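Those protein sequence lines, which keep their order, are chains A and B.
Using our numbering, the letters of the first sequence map in sequence onto residues 1 to 355.
Using our numbering, the letters of the second sequence map in sequence onto residues 1 to 486.
Do not take every clue at face value.
As the list claims (entries may be wrong) - Partner residues are not named here, just some residues of chain B that face chain A (Cβ under 7 Å, in silico):
(1) 110
(2) 277
(3) 281
(4) 370
(5) 373
(6) 374
(7) 377
(8) 408
(9) 440
(10) 441
As the list claims (entries may be wrong) - Under the rule of at most 30 Å between Cα atoms (straight-line distance), these lysine-lysine pairs were calculated in the DSSO-like manner:
(11) A:74 with B:367
(12) B:171 with A:145
(13) B:171 with A:100
(14) A:100 with B:367
(15) B:171 with A:74
(16) B:367 with B:279
(17) B:279 with A:100
It should be emphasised that the hints constitute simulated quantities derived from the structure, not laboratory data.
For clarity, every value in this text was computed on a predicted model and none was experimentally measured.
Even for Gly, the Cβ is constructed at its ideal location relative to N, Cα and C.
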Amino acid sequence: MHTALRLTIAALVLAGLSWVAIGLYGDGEPALGAQASELGGIGARACQKCHSGVYDEWAASAHAGAFVNPEVRKLSNEYANEQCIDCHAPRPVFETGIAKPPLPRTARRSEGVDCAACHAAGDHVAASSPTAAGACLPRLEPALKSADLCASCHDQHFTIAEWQETRFARDGVGCIDCHMLPSQRPGRAGRDHRSHSSTNIDMLQKSVELTVTVDGRTLRATLENVGAGHHFPTDERSRAADLLVRELRDDGSLVRLSRLDRLRNPYRDQVGAAAGLPYREESPLLEKRPESTLLPHGVKRSYSLELLPECTQVEVVLTYKKIPFPTEPAEILNDEKSFAEKKAFVVHRRVVKVP
Amino acid sequence: MRFLGGSVALVALVACGRAPDQPSAEAGTTPPIEYSDRFSALRSALEREIVAASRASESVSVDPETMDLALAVISDPRSKIGRVARTSLAQVPAKASAAFCELLLDRARPASERAAAAMCLSDFPPTARPLAALGNAIVEDREEEVRSACAFAAGKLGDRRLIPSLLWRLKDEGTDRGAAYLAFGLAKLGCLGGIEALREVVRRETVPDAVALASEILAREGILAAGSEVAALLAALDALGARWRAEGISRSDAGSPTPEARLAFLTSAELLNHPNLRKVDEARYVLSKSGRAALEPLEAALFERDPYTRVRAMEVLGWLGPLAAPLVPRLLELAGDPKHRAEPLRALGRIGDERAAPALALALQSKNAEIRAAAARGLASAPFPGAIPSLMSTVEGIDLRAPATDLDLALGCGEALALVGEVRGARLLVDLYGRESELEPEALDRAVARAFAALKARGAEEGGVASANDAASRKAAARAWAGLKK
Chain A
1 MHTALRLTIA
11 ALVLAGLSWV
21 AIGLYGDGEP
31 ALGAQASELG
41 GIGARACQKC
51 HSGVYDEWAA
61 SAHAGAFVNP
71 EVRKLSNEYA
81 NEQCIDCHAP
91 RPVFETGIAK
101 PPLPRTARRS
111 EGVDCAACHA
121 AGDHVAASSP
131 TAAGACLPRL
141 EPALKSADLC
151 ASCHDQHFTI
161 AEWQETRFAR
171 DGVGCIDCHM
181 LPSQRPGRAG
191 RDHRSHSSTN
201 IDMLQKSVEL
211 TVTVDGRTLR
221 ATLENVGAGH
231 HFPTDERSRA
241 ADLLVRELRD
251 DGSLVRLSRL
261 DRLRNPYRDQ
271 VGAAAGLPYR
281 EESPLLEKRP
291 ESTLLPHGVK
301 RSYSLELLPE
311 CTQVEVVLTY
321 KKIPFPTEPA
331 EILNDEKSFA
341 EKKAFVVHRR
351 VVKVP
Chain B
1 MRFLGGSVAL
11 VALVACGRAP
21 DQPSAEAGTT
31 PPIEYSDRFS
41 ALRSALEREI
51 VAASRASESV
61 SVDPETMDLA
71 LAVISDPRSK
81 IGRVARTSLA
91 QVPAKASAAF
101 CELLLDRARP
111 ASERAAAAMC
121 LSDFPPTARP
131 LAALGNAIVE
141 DREEEVRSAC
151 AFAAGKLGDR
161 RLIPSLLWRL
171 KDEGTDRGAA
181 YLAFGLAKLG
191 CLGGIEALRE
201 VVRRETVPDA
211 VALASEILAR
221 EGILAAGSEV
231 AALLAALDAL
241 GARWRAEGIS
251 RSDAGSPTPE
261 ARLAFLTSAE
271 LLNHPNLRKV
281 DEARYVLSKS
291 GRAALEPLEA
301 ALFERDPYTR
311 VRAMEVLGWL
321 GPLAAPLVPR
331 LLELAGDPKH
341 RAEPLRALGR
351 IGDERAAPAL
361 ALALQSKNAE
371 IRAAAARGLA
381 SAPFPGAIPS
391 LMSTVEGIDL
401 RAPATDLDLA
411 LGCGEALALV
421 GEVRGARLLV
431 DLYGRESELE
441 PEALDRAVAR
451 AFAALKARGA
461 EEGGVASAND
471 AASRKAAARA
481 WAGLKK
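Input sequences plus hints: build the corresponding full structure.
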């Protein structure tokens, strides 16, 4: 009896190993994924039938708008830069390779980063719970919660590499621990698929600390990345933050507007006005060669400015923009339309009287 | 009994385990494709060829003491003697100073000296040209002045190994003047990417040098425009571009690429599976602008063991368009592999070769939406008369009132039919206006514009839609046309 049992167990173990090996490598070569699987071709609306709460969250997220976002379309030259499609309408990452660059989808591009992009895993749906069950054949996939899954897209502009240098990575705090908090939706438990990021003012405010003091006629300010598990802002090219100073008279009229710093990682070889680009790089930290001025996690940067004699109060503003333009400080502060459209946020505002 | 049960489980599990990678029924009975490390084999063969050739020719040899001295001179920017020595040495077209120029280009601190070194390199005899230093400086030097000098030198040297470096830099060049010289270098080497870029710089009229550079290219080709008027130059550049495009992007008199040039293109192709998309994108750009010279490394990439390399190679072949026609049979072979069925279909569509029509038509019936969309998009990339029956039957099965209708399929099929002159396709596109919000932004307008332009070109009645200037007027005209047709 014992022998038969052992043989059976051995056979099952062997079979299991064969299954894993063949499933992963098919005919002996690394598989790009079972692209012919039906799951990868299923649209978000099919998932909505059972997961309406999650669908609603996702529909409000930047992931859902990844392809149709007008700014993305503008920056990608209406996707004439075809490489942008790879991440803005990706095929399922489980199928194309965890932590590998994604491949572009042809169908339903308007759905952007859809459900299948993260959950379709060949012949089953990747789930984060071992007890998940349902018509879509969910199966626990630990990689679903890993930073590697996000890396496929988000490390293209080095966000995951930045995270790996922080205490968050060392402490095991991953992307979803900040960007996909447990959802408060009624019914089905799980993570918040709105995937809050820089579109959320609370997250932005917790990311950086701004201190302002006036010492005689000298303004001193510090900016420290205290909460973002990556640079502030992260991402190359698109995101930018400006630290602006408005020197004001008693009646509130403007004496001078200055920019203390621009935090940005210019894309490729953009060199501002010299390149005839529609924006200008004026940071004193930038010379001809584009350099990143993003603020790494845990780094504090100090600034000072000699105030003009007429100035009786000073206002220091940290603005955050999802796109690099408009960049003229006056334009940012006065352009109510751009704020209304949420192209730019005021993250912190400090007003200090000048003695 | 239990042992028997275990054996049954074993068989069942092994059978299940094959499922993810097994070719589906729709993939047909294509025999398994053999993938291997073809890059390595091609690289080894080329390297052997290059080594044998270099042994046969005279090589540059400089005694170590001279080079140490040269290095010392370069590393002391304060010395006036050093500056004189550098300038003098760089202007002597001898083997020793060729090696010195290479050092200078790599390490001199003043940009003017690096630029001078680059210009000198173009005067050296063929055996003494340190192309690696030139190529590196084209891609990496921080100063536009140096990059421009290197690009100019590359054009004068006439060595096609420098095409990838020039293209690589051109993609990201931020200055107009730099772009003009890069374009000049490429055009001198017979690369169409150079003509396209030079045309753009001349058109903007912001770089006076560009006119002279364009005139030189045109004079060499024997089609110098009368005078130097911008309009005449642009027309002549267009004519030259069309000629080169017909010849396969590269000049026909350039002959087949040297082993070194082939190795350079191979090196670009090897980056197709880089983990960062920027590198992948740069490699794709270089290869897609290299014309027929890129086909050899891309064919190797198509059968490389790594599936990413294969898929990226397919993308580039699609971008090459009709120039990639020699590889259509290979792509058709790959279309049978379930690991990547959509990518070959997209590429085949863009190449526009009629031999692909049956495979594309068959894929319209796939159970997988991604494959159907890729096939429809592929058929809409170029006219495929051979696919008309399949397209017609697919369109007959589309019910736009049903919420779950495959709109990507409808869009692609409609455009594909209109491209071959079938009015039914244009009518389907007009019907799709009712669900425009569910489609990719502006995709329907683009499809309508192309479809009605095709109808007009074929002499079909198109209600003035092809002449509409914007999306709104196109939509109105198309709806009016559909009303008339009904």
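Of the hints given before, which are not true for this structure? When the structure is compared with the hints, numbers 1, 11, 12 and 16 turn out to be violated.
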